[in-house]
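As you go down the protein sequences, you meet chains A and B in turn. Under my numbering, the first residue of the first sequence carries the number 825, and numbering increases by one thereafter. Under my numbering, the first residue of the second sequence carries the number 1173, and numbering increases by one thereafter.
For the record, the hints were derived by calculation from the structure and aren't laboratory data. Hints are supplied without guarantee of correctness; some may be wrong.
Pairs of lysine-lysine, PhoX-like flavour, derived with a Cα cap of 20 Å [to be verified]:
1) K857(A) to K897(A)
2) K924(A) to K1223(B)
3) K901(A) to K1393(B)
4) K1261(B) to K897(A)
5) K924(A) to K1348(B)
6) K901(A) to K880(A)
Covered by chain A, per the in silico footprint, the following chain B stretches (three or more residues, Cβ under 8 Å) [stated by the list, open to error]:
7) 1285–1291
8) 1317–1323
Pair ranges (Cβ atoms, derived) [said to hold, decoys possible]:
9) E1256(B) to M829(A): 42 to 52 Å
10) M829(A) to E1385(B): 18 to 28 Å
11) T895(A) to H1356(B): 31 to 41 Å
12) L1392(B) to D862(A): 26 to 36 Å
13) R1273(B) to T895(A): 52 to 62 Å
14) E846(A) to P1328(B): 46 to 56 Å
Beta carbons: idealized from backbone N, C-alpha and C, even for Gly.
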Amino acid sequence: MHEEMASIGKSIVINGELSGSEDLTIEGRVDGKIELRDHVLTVGTNGRIKAQVSAKAIVVLGQVTGNLNATEKVDIKDSGSVEGDIVAPRVAIADGSHFKGSIDMQKKEQPEKGVGTFTKPDSKTPKPEPAPVNGEFVRV
Amino acid sequence: MNTDQKTSGGFSGLVSRLSRQTPRSDDHHGRVVVEPRTVPAVSADTTYASKTLARFLDLLFARPAAEVVDLGPVIGSNITFLGERVGCKIHVEDLYADIDRHVQHNKLDQLPEFIGGRFSVPASSIDAVLGWDIFDHLAPMAATALASVLMRMLRPGGVFLAFFGARASDDPRYTKYFIQDETHLRFRFYPSACTRRWVLQNRDINIMFAGLEICETVLLKSGVREILFRKRILS
């Protein structure tokens, strides 16, 4: 069944904080702060955003003034314009788009293997001898 | 008379302006009219090997979490290359667009002052600057202002890559440079409002960037000089 995506229409103006737990498309105007932690924000071609934005992924076809923070990706399409700083592990900027600001794609430090992480053991590789420690992690 | 030329003081004598012999005519009001050129506004891409780019990237790889200022227009593939492969933080500061805006508003004389206050990055905070051929499009005063700003923003040991053309012209196009890989650049022309290219002689470049040392200079067949500068490390 097709699930309808949430959207803010062309004539809607929002001043303030906007948060949610589903994907959202903005065609109107939002001034303030937008937070869609695990979801995708799409700023449509008519969208005008003046806000700090946090989301899983951000797709820009309209205009954004403000910093963008995405846990997965920021995608600025050829009709898109962004003035602000971007922090995301992946950033795609189409030819013809406008961008002014800085881009930080630094990957967050991966936790050290064997320290509080679980790695599925490979059946082909021999199991290591258990460390002679009872119930404690051992830094190898 | 261009204010920039008028107020360039001592520096104006150092800069050589080699006017290209282009057909010009009078518009019967005493003004010289530049004949329209018939070059295509957008060209096909050309790829070439760049030794200075390779060295630039070598030096950049050696600086963890480096911060880079790109003075050209935003290029998605360059951002991906520098961000994902080199691991830099990139500041996109499209000075070409600023020049165009000043030309369109007939405020080119205010460009040096604008450049002086253009950048918000703190002094000695930048590891590398990609200048491309920006100096070919700046009149002497604006060029001096930019050189001084760049030298201030670079960290000791920081690098600056720039290309300097060999011919002055009225070519109304800028060049977009794409980093193809570690050793190759691809370029493409695109339309601009700026209608003049300036030429800096080597001695002018040495004087203008007196605070930097030259790491590498390569003269291309086209006459373009690719120069990689490095800010001296204070002992």
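Here is what the structure says about each hint:
1. K857(A) to K897(A): Between K857(A) and K897(A) the Cα gap is close to 18 Å, so the pair holds against 20 Å.
2. K924(A) to K1223(B): violated (29 Å)
3. K901(A) to K1393(B): Outside the cut-off at roughly 37 Å; violated.
4. K1261(B) to K897(A): Given that 20 Å is the threshold and the Cα spacing comes to 15 Å, the pair holds.
5. K924(A) to K1348(B): With Cα atoms ~16 Å apart, K924(A) and K1348(B) stay inside 20 Å; holds.
6. K901(A) to K880(A): With Cα atoms ~17 Å apart, K901(A) and K880(A) stay inside 20 Å; holds.
7. 1285–1291: Violated: only 0 residues of the segment 1285–1291 of chain B have a Cβ under 8 Å from chain A.
8. 1317–1323: violated (count 0)
9. E1256(B) to M829(A): 42 to 52 Å: With a Cβ separation near 29 Å, E1256(B) and M829(A) fall outside 42 to 52 Å, so the hint is violated.
10. M829(A) to E1385(B): 18 to 28 Å: For M829(A) and E1385(B) the Cβ distance comes to about 56 Å; the hint is violated.
11. T895(A) to H1356(B): 31 to 41 Å: With Cβ atoms ~33 Å apart, the hint holds.
12. L1392(B) to D862(A): 26 to 36 Å: violated (50 Å)
13. R1273(B) to T895(A): 52 to 62 Å: violated (35 Å)
14. E846(A) to P1328(B): 46 to 56 Å: Since the Cβ atoms of E846(A) and P1328(B) sit about 50 Å apart, the hinted range of 46 to 56 Å holds.
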